[in-house]
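K.L.:
Chains as they are written, first to last, in the numbering used here: chain A, 1 to 124; chain B, 1 to 124; chain C, 1 to 124.
Put simply, identical chains are the same to the list, so a pair is met inside one copy or across any two.
In silico DSS-like pairs for lysine-lysine, Cα to Cα no more than 30 Å straight-line:
id, residue 1, residue 2
1, 88, 60
2, 60, 33
3, 112, 60
4, 112, 88
5, 9, 112
6, 112, 33
7, 33, 88
If you're looking for bench data, these hints aren't it; they were derived computationally from the structure. This one's a predicted model, so the numbers in the text were calculated from it and none came from an experiment.
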Amino acid sequence: MDRTPDRGKGHRVIFQFVSPDEASQQALISNLKNLLAIWPEAEVEVVVHGPGIDLITASKTRYAQPLQQFVDHHAVRIVVCENSLRSKQLTLEDMLPSVETVPVAIIELILKQEQGWAYIKAGV
Amino acid sequence: MDRTPDRGKGHRVIFQFVSPDEASQQALISNLKNLLAIWPEAEVEVVVHGPGIDLITASKTRYAQPLQQFVDHHAVRIVVCENSLRSKQLTLEDMLPSVETVPVAIIELILKQEQGWAYIKAGV
Amino acid sequence: MDRTPDRGKGHRVIFQFVSPDEASQQALISNLKNLLAIWPEAEVEVVVHGPGIDLITASKTRYAQPLQQFVDHHAVRIVVCENSLRSKQLTLEDMLPSVETVPVAIIELILKQEQGWAYIKAGV
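Extracted from the complex, chain A is given alone in its bound form (with noise of 0.2 Å):
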């Protein structure tokens, strides 16, 4: 019998943040991190497109903490959309140094839950 504590290993979701506004920001960072205190081994993926992309611009962000925390201690990566940067007339070395890009964004979600991964649309 499998006595092992279920440490979210096996678990992997996809969020969608495209928020602009500090209300959004906050829940999302509060969602990952009610998730990663249950479920430290979750894979998560947090894909920032469109207006979204504040939460993580170096310069803007207010989250570069515990985000780069997330990033550090967890099975949690964080993706720009290549398209919502160019049309910002952005590049990666603007975001914080946790992000990588993929080329456009609603691909990257439809993948992801074509390969079983739950969805979520933060934001409030």
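Got chain A sorted already, so can you dock chains B and C onto it with the hints?
P.N.:
Positioned in the frame of chain A, the structure of chains B and C alone reads:
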């Protein structure tokens, strides 16, 4: 040949409700009414967290009656996140009588999707 | 070995659009453009309901042209909820010519997810 009309049995959907505004509350109630009018036997769970909690707070909600009817007459459950209660210094006693709790809203949303439930992010 | 480039064939995604605001309309159009630029053969359905209906109302929309192009040149369908039409005292004739109807938006979103379509809640 099965000529039984589809009353929604076997269909399962989880709604995430996190919005603070009246328009989103009204939209959720309307979504549930429209759904249950056609599929009265659908299995529905509404996961309320964060700023969405006003909808099910006894002293604040304008929708006590329709929510109670959904729970009484349909396979509808309304659950609130224990983290959200704590962070707002509320308890289950402050909620409508039909409300139950889950430990972490995000985990509930992931688990249900893993079990094949459809997911809908409510709110406008 | 299959060297055919992936033009999106076989990928299926349903967008829910329920937002009244211009920023969300613009985001949806941009999402669809970016998606179809890479996956021109992806199967896409946009389910419009509630306050989202302005986007496809002929007398109100600013996006008649891109929406028509999506439908004409891609495997894109745009559907509106019959309940939403009734509650706004509108008919299909008030909508853009490319729009079709579904009886209940929420049921359409559930059925498509049950059939394996990815789901994206549009809007910022």
